[in-house]
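Colleague: The chain contents come next:
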Amino acid sequence: MIKYLKQYRFYIILFLFLLIPIIAIDTSTRAPRNFWPHDRVIISLTAPIQAVISWGLDQVVSGFQNYIFLLQTRQDNLTLTDENRKLLNTIAGLRETEQENIRLRKLLNFQEQFTLESVVARVIARDISTEFRAIRINRGESSGIQKNMPVMTNEGIVGKVLRTTANSADVVTIMDLLSAVDAIDERSRARGVIEGYTDDTCLFRYVLRTDDIQVNDILITGGIGGIFPKGIPVALVSKVNRKPFGISQDVEVKPIVDFTKLEEVLVVTKASHEALPQEPSVRKVSAKAIEKGEPPPEKKGSTQ
Amino acid sequence: MTRILLQALNAPALVLIAILGIAVQTSLFALWPLNYFQPDVVLLIVIWCALRRNFIEGGILTLIVSHLAEIHSAVPRGTFNVSYMLVYLLVRGSSRMVVIPDLSSFVIVTLFSSLIMKLSSTAIINLLSPHSYVLRNTAFLLFPGAAVAGLLSIWGYQWLEKFDSYTYKNSRSAESLEQDLNLDSEGF
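Top line first, the protein sequences correspond to chains A and B.
The opening position of the first sequence corresponds to residue 1 in the working numbering, with each subsequent residue numbered one higher.
The opening position of the second sequence corresponds to residue 1001 in the working numbering, with each subsequent residue numbered one higher.
Treat the hints as calculated values from the structure; they're not laboratory data.
Pulled from the structure, derived: some chain B residues nowhere near chain A, Cβ distances all over 10 Å:
1. 1090
2. 1150
3. 1155
Covered, in the sense of this in silico footprint (three residues per stretch, anywhere, with C-beta under 8 Å from a C-beta of chain B), are these stretches of chain A:
4. 11 to 22
5. 36 to 50
6. 120 to 127
7. 176 to 188
Ideal Cβ positions, reconstructed from N, Cα and C, are used throughout, including at glycine.
Next comes chain A alone, as it looks inside the complex (with noise of 0.2 Å):
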């Protein structure tokens, strides 16, 4: 036996070399993939490392930026004014459609409760692959990051936590090949799912045909599937082709969230969307409101 093994140690070991990378992929596809123990005392070596370069990096870039930004600042501040000047004016309407809003809410007796609570994180690397577009942030479990929260900026969604250790986390981006995102339009209301495609656009898949789709029309997430919380901006439309035939269109989607300058980020770590119930006489009354085509009535005390 041990003569047979030494003549052909050889092969064996070339089987098992081959062997073992197959296992990996096998074992992998069927459980659902999280760091191992060694893992995580690898990437507690990497993260800090990580962690002191991009902030190196960063300094130099921004201390450069600021340079090269206070050239412009005369007429940055007179197109922010102005920007400034607009929006006030869009606030004023929005105040208005809010108000209204809240009054056909009461209307249809519908209240709902939307609560976000999140955890800021600093980016500190990248994917080693070119291919996919993961980051690494500086918070983890004890944090309070788990496993597929969401991830956002100001602006709009990242991603979703994809695995995490004690103090470092990485999260998949929408820019990702094997990413997607359920969203819909912000002014058809057409349902679709978002997937990477390149390095700054994605795609809008699954939309039918017959859906009103526009360039520039805006994208949010859907809330379907239980990860990212209904109404966030995912991406804006850039480019629409509907063929003349065939079931669904297709639909180029630029980010709304800056991956190229992408910093600092929010993990969702709760979010809360309940609906409240109502006092069944208001409920009443409302309804008869609605078949009437009366105004609702106010309680007393209201702050409306």
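Given chain A's structure and the hints, the job is docking chain B onto it.
Modeller: Quick look at chain B alone, frame taken from chain A:
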């Protein structure tokens, strides 16, 4: 004694170099547009293992460093293991048939290995997830990636040669160490 210890520490130190290299690669080359030019540190180490280590040691080191790459990526598990092992076996096999004389010819090996590695990982990902757009992405990044890997290899292999020399792992140092040990055992 120190020489033997250094020789024994060569493999763990190579793994540590890989860890450090990956950390630098993923953070220093994270900013746009540097991310298009990130060198593949793991590929260089795999080729070095294929050409300058024995079959078993090189193979085990390839499995370890490819796993290191996988935990720093969102790539499906096992993809890098298979791709880097394929590169390792192909380079090792071709070194038996083709003469790869010096460090400068290693650059050509690196260029071809980079292409093989990217194409094999694309093929695996396509098998695992046929609806993804990996093929298009690979077509864009195939040759720039190979060029950067080739460029880094010019210095990379020189550093690895020095590292092997310091840890008595290259053939010349190993021979001199063996001679010294023989002389010691003979009482000289």
